[in-house]
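Asker: All chains, full assembly: derive it from the sequences and hints.
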Amino acid sequence: MTAAVRARRWSQRLALAVLLGFLAFAVFGPIANLFLWAFAEKWYFPNRFPQEWGHSFWGRVFSPRGGAVASLGTSVWIAVLTVVLSLAVAIPAGYALARLKLRWRGLILLAFLLPQAVPNLPVYVNIARVFYEIGLNGTVLGVVLVHASHGLVLAVWIASAAFAAVDASLEEAARNMGASPWTCFRTVTLPLAGPGLIASAIFVFLESVDEFTGTYFVGVPDVTTLPLLMFNASMGGNYQIASITALLLLVPSIAFMLVVERFLKANVLAGVGR
Amino acid sequence: MIAAARTGRWRAYALIAPALIVIAAFFVFPLALSAILAFRATGGGFTFDHFIKAWDLYRTDLIFTVGIVALSTLVIGVVAIAIAGYLTLGEQPRAVAILRWLYRWPLFIPFIVTGQVMRTFLAKNGMLNHALIGVGVIEPLQAQSLLDWRGIVIAFVWKQVPFVTLLVAGAMASLETQHIEAARNLGARRLRVLWDIVLPQVRGTLLVGLVLSFVTMLSVLSVPMMINPNSPTMITVDIAYRISTLSDYHVANALCLMSLVVAAGAAWLYLRHAAAAQASGG
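Protein sequences, first through last, are from chains Z and C. Note that my numbering has the first sequence beginning at 1, numbered continuously upward. Note that my numbering has the second sequence beginning at 275, numbered continuously upward.
Derived by calculation from the structure, the hints in this document are not laboratory data. Warning: the hint list may mix true and false statements.
Claimed, not checked - The following label-pair restraints were derived from C-beta to C-beta distances: (1) C/GLN452 <-> Z/LEU258: 30 to 38 Å; (2) Z/ALA24 <-> C/GLN452: 29 to 37 Å; (3) C/TRP375 <-> Z/SER56: 34 to 42 Å; (4) C/ALA291 <-> Z/ARG48: 53 to 61 Å.
Said to hold, decoys possible - To list a few chain C residues with every Cβ distance to chain Z over 12 Å, as calculated: (5) ILE297; (6) GLY317; (7) PHE322; (8) ASP323; (9) GLU365; (10) PRO414; (11) TRP423; (12) LEU460; (13) GLY461; (14) ALA462; (15) TRP469; (16) MET499; (17) ARG546; (18) ALA549; (19) ALA553.
Just so we're clear, the structure is a prediction, and the values are computed from it rather than from any experiment. Think of the CB as a built atom: it goes at the ideal place given N, C-alpha and C, for glycine as much as any other residue.
Answerer: This is how it looks when you write it as structure tokens:
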């Protein structure tokens with residue numbers, strides 16, 4: 001190996017390392033900045049790092065007046081109800097789309113794509129107006145309905161793919177041994193599609209916890225979820241409180257990113273939208 | 275037999291009906307309402323006035339919005355292709371592994387958190403400026419806040435790149451490796467292989483990811499509100515202002531319809547591509 005080749009290889013490696021370092025800064029820099037703010041007591045321009053560190057703002061966020069605990073509770077409660085409602089209608093629909101004969105299957109799939117493919121703001125704005133007239137504005141139920149109409153789309157697509165990935169011959173074997181359609185579904189199909197359905201439940205849960213725009217219009221003035229609390233703190237210029245609440249929202253997002261592949265097997269992913 | 279098939283079909287529709295009803299009631303109906311309100315005059319009847327008013331007031335913001343979202347989509351596409359391409363064709367296994375681990379962190383981080391994160395990171399006192407000063411790229415006095423249109427683009431790119439990369443890298447991984455290897459054996463450079471062989475085969479997936487990102491970014495309210503709420507800003511901010519402050523549903527819905535038309539344009543581009551791909555048997 002000549003010196004020139006070796007030098008070229010090293011310079012390539014160096015370029016690669018610099019690029020990766022740059023990307024790492026682009027990905028983690030913003031998150032690190034959030035951490036700094038969450039533990040800053042005092043931080044004014046032009047100091048590179050906070051002048052004083054501490055966690056007194058954490059106490060304020062979690063105090064009853066800070067409202068973080070209450071909004072966390074509201075967020076989780078809304079998300080749980082959204083998951084229940086979404087899966088209750090998405091599991092039957094996903095099963096029918098995967099297994100049964102439907103005449104307008106393509107059109108129905110398209111209808112289930114709509115909420116993901118159309119700008120959502122017009123929907124939220126007008127549903128808030130309707131809900132206001134029938135007294136659903138500012139109620140948990142109203143927010144759940146809005147979240148579910150968006151979340152169930154993901155749930156239908158994933159559930160349909162999960163059911164399609166279940167080997168049909170196993171179901172036939174159960175039916176041949178005399179199991180009723182319901183028993184067959186309950187004891188064979190459902191457990192086999194389980195990981196995919198859990199994945200869709202987590203998706204819907206996360207989407208509901210993170211949802212801002214719909215809650216902003218439909219939830220006012222009584223329903224304050226964690227994203228709304230964060231938004232209000234941030235617009236009020238309180239970066240510490242906003243950063244701490246943002247960190248709370250960050251935890252489930254990153255946790256899910258790290259485990260998502262365990263639930264969504266490649267064969268299910270490949271079947272989404274088929 | 276026929277009767278049995280018929281009840282079977284009824285059962286299928288009955289299973290789907292609840293989900294469709296939820297979508298119809300809480301998605302399609304408000305969307306239709308938006309179209310009606312945008313054209314309805316105050317005393318009833320049909321009018322274009324709200325559109326004229328919306329155009330007069332928010333023309334700049336509309337152009338600003340389309341520009342920002344289009345630029346973001348372009349950058350997302352380029353970065354996603356670069357990352358997915360290296361994941362597929364990269365020769366340093368360790369670098370590929372690091373990249374695979376690295377790129378997807380923002381995948382499920384919500385827009386509102388992205389907004390807050392970027393608000394601190396891109397500010398005059400943010401980590402970006404301090405890092406640039408630290409490595410000597412800029413002088414301390416040159417530090418400037420990026421919290422304008424650039425901040426919105428950076429936030430959108432940061433948030434959406436992992437999603438598009440995930441889709442594109444998945445499509446690239448499922449390609450037949452024979453062509454790629456044949457081209458490489460013939461001495462083609464990696465960039466050529468990516469551009470001439472890999473990319474044409476994943477164009478459909480890339481386009482789906484980009485169109486979905488485009489439409490999503492078009493209706494994000496939190497990021498522009500937190501990063502750049504002053505005019506010129508994105509029309510989502512204007513829509514929220516018309517409603518929260520003025521209760522003016524007519525002009526707001528006219529703006530909504532305009533953004534729907536822009537989204538439909540993006541969808542049309544995609545459908546045209548899909549039709550062309552089908553016609554050529556691809």
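Asker: Each hint: holds or not?
Answerer: How the hints compare with the structure:
1. C/GLN452 <-> Z/LEU258: 30 to 38 Å: Given about 34 Å between the Cβ atoms, the range holds.
2. Z/ALA24 <-> C/GLN452: 29 to 37 Å: holds, 34 Å
3. C/TRP375 <-> Z/SER56: 34 to 42 Å: holds, 35 Å
4. C/ALA291 <-> Z/ARG48: 53 to 61 Å: holds, 60 Å
5. ILE297: violated, 6 Å
6. GLY317: Non-interface label stands for C/GLY317: nearest chain Z Cβ at 19 Å, farther than 12 Å.
7. PHE322: holds, 18 Å
8. ASP323: holds, 19 Å
9. GLU365: violated, 9 Å
10. PRO414: violated, 7 Å
11. TRP423: holds, 18 Å
12. LEU460: C/LEU460 is indeed farther than 12 Å from all Cβ atoms of chain Z, at 21 Å.
13. GLY461: At roughly 16 Å from the nearest Cβ of chain Z, C/GLY461 sits farther out than 12 Å, so the non-interface label holds.
14. ALA462: Nearest chain Z Cβ is 18 Å from C/ALA462, so the label holds.
15. TRP469: The assertion about C/TRP469 holds, with a minimum of 19 Å to chain Z.
16. MET499: Non-interface label fails for C/MET499: nearest chain Z Cβ at 8 Å, not farther than 12 Å.
17. ARG546: For C/ARG546, whose nearest Cβ neighbour in chain Z is about 15 Å away, the distance exceeds 12 Å, so it holds.
18. ALA549: Fine: 14 Å to the nearest Cβ keeps C/ALA549 off the interface.
19. ALA553: holds, 18 Å
The structure fails to meet hints 5, 9, 10 and 16 from the earlier list, while all remaining hints are met.
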